[in-house]
Amino acid sequence: MSTHIDTANDTRTILRTEGLNVYYGTFLALKNIWLDIEKNKATAFIGPSGCGKSTLLRCYNRLNDLIDSFRAEGKITYQGKNLYGSDIDPVEVRRRIGMVFQRPNPFPKSIFDNIAFGAKINGYKGNMDELVERSLKQAALWDEVKDKLKQSGFSLSGGQQQRLCIARAIAVQPDVILMDEPCSALDPISTLRVEELIHQLKEHYTIVIVTHNMQQAARVSDKTAFFNVEPTEKGGRMGYLVEYEDTQKIFNDPQQQATKEYISGRFG
Amino acid sequence: MASSQGSYRTGSLVRSPGSPRTLFNNVMTVVAFICGALAIIPLIAVLGYVLFRGFSSLNLDIFTQLPPPPLRKGGGIGNAILGTILMVGIAALISIPFGVLAAIYLTEFSNNRIARWIRFATNVLSGVPSIIAGVFAYGVVVLTLRNLGLGSYSALGGGFALAILMLPIIVRTTDESLQLVSDDLRQAATGLGATNYQTVLQVVLPSALPAIVTGATLSIARAAGETAPLLFTALFSTNWPRGILEPTASLAVLVFNFAISPFRNWQDLAWAASLILVLMVLITSIIARWATRQKVY
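Chains as they are written, first to last, in this note's numbering: chain B, 2 to 269; chain H, 3 to 299.
Chain B extracted, bound-state conformation (with noise of 0.2 Å):
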């Protein structure tokens, strides 16, 4: 898990996009992205709605493959392996770039199967019991479902649901979380928590997390991408990276205008 293939001479860099263009049929939904995400650390990406930031994420675990008309040019590069490569298998991928989803999705499982199913699937050799314990500690549930392991997981709260979500994420061992607005569908405090787990998870995982939410951005997040639209010729709409920068510096001294008005909320 932590061993990393020397790609550059950057080895903080884990996943570097490297003129990224995604076309959905012929449109151009994002054009020319060139972002390194770093190692160990959580990188926000916000922007206005349809300015392509869940499209990026989802290009990093290559969850777009299950649209049809989805087409990518250029590089997206994991420890230095192409991920659009023809010899990448992309659920392998995905067992190593795990993702939360925005709407808690748990299975219609017990929540002991939520947690093992990712584990099985995978060919997990090893103490299930201590597995799922190990997750749901790390995803900070274990306390309030240890007793009621074998109940649905649809029998929690929406918070919880979502932090089965990141348990069951962890639980495969990733490399990288991809976090697609895991909070917009919680209350305040169960945000909160999961911002907090968040900081947690830094420790061990690369966190990318799509926010609209910019304080959460601020509050969770040690870089911060900032994503725009404009509107093309034959009438689609094209996201692309206005700025890119540690995320004290995107809040407090953006270099951009349209950044600047964004944060301000003068537009978006």
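None of these hints come from the bench; they were simulated from the model.
A few of these clues could be false.
What the hints assert, rightly or not - With a straight-line cut-off of 25 Å between C-alpha atoms, the simulated SDA-like cross-links for lysine to any residue are:
| id | chain 1 | residue 1 | chain 2 | residue 2 |
| --- | --- | --- | --- | --- |
| 1 | B | K151 | H | L207 |
| 2 | B | K32 | B | A73 |
| 3 | B | K121 | H | R188 |
Keeping the supplied structure of chain B fixed, place chain H upon it in accordance with the hints.
Coordinates of chain H only, in the frame set by chain B:
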């Protein structure tokens, strides 16, 4: 703008039972109620009469004995009960795996154009009269067996004909229930590194299982009651089923044969057979409901 505005009746808030729209409302409610009541009369009448006539000729021998010769007391329809179970079983073994896998292909893997044609084809198939399915099974199974010298009319032919009738029901109900499974679940499984079939078999199918079982039960209920396709595929027999390549009795054909006979004892057996057929369908549904309720979260 204001000048073109219309106006409403200005009435009081008190009920006016005589007003035309209140009258219309009440009359239509009564008409709808009468139609609803009329609709369940046939159901109650049929079930009630089958229960009444069937129970009076029901005894233990019915389940264990062979049909008697005309005008002889006693005897039973054990061979027909066994034959129906045998043929519906064969039909289920053929149609459930095929139908479920076909539906999985439709929802999970096919592109839209192919899926539309397959859905259209299954809808057409579900509208095909059952006797046509029987003719088809006659041509495919009965004549083939005859050419191979293995037999002719058989439980296999009957089961095949019933399978053709069950197939579209199973495909359609499974297809619909799989489409109702949220894409969030598929993405969650895929995001954990599940392959397509791991996702389908371990996440999507279990979520849709209750609906699939209901569909399979419905199709079994329909198949168990079919008579026409069995008349010239399984034919009939007054003996116990000896194998799937022999002519085989079934409850539905027995009801047909015995009900039109002039012999009183055969007619009584036909009533008993009707009751057992209804009960078999009922019990199958209850077991299916009960079995799926346990596992659903």
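Against the structure, the hints:
At most 25 Å may separate the alpha-carbon atoms for a hinted pair to count; B/K151 and H/L207 meet this at roughly 20 Å. Distance check on the hinted pair: B/K32 and B/A73 sit about 10 Å apart at the alpha-carbon level, within 25 Å; holds. With a C-alpha separation of about 17 Å, the suggested pairing of B/K121 with H/R188 holds against the 25 Å cut-off.
Hint compliance for this structure: every hint is met.
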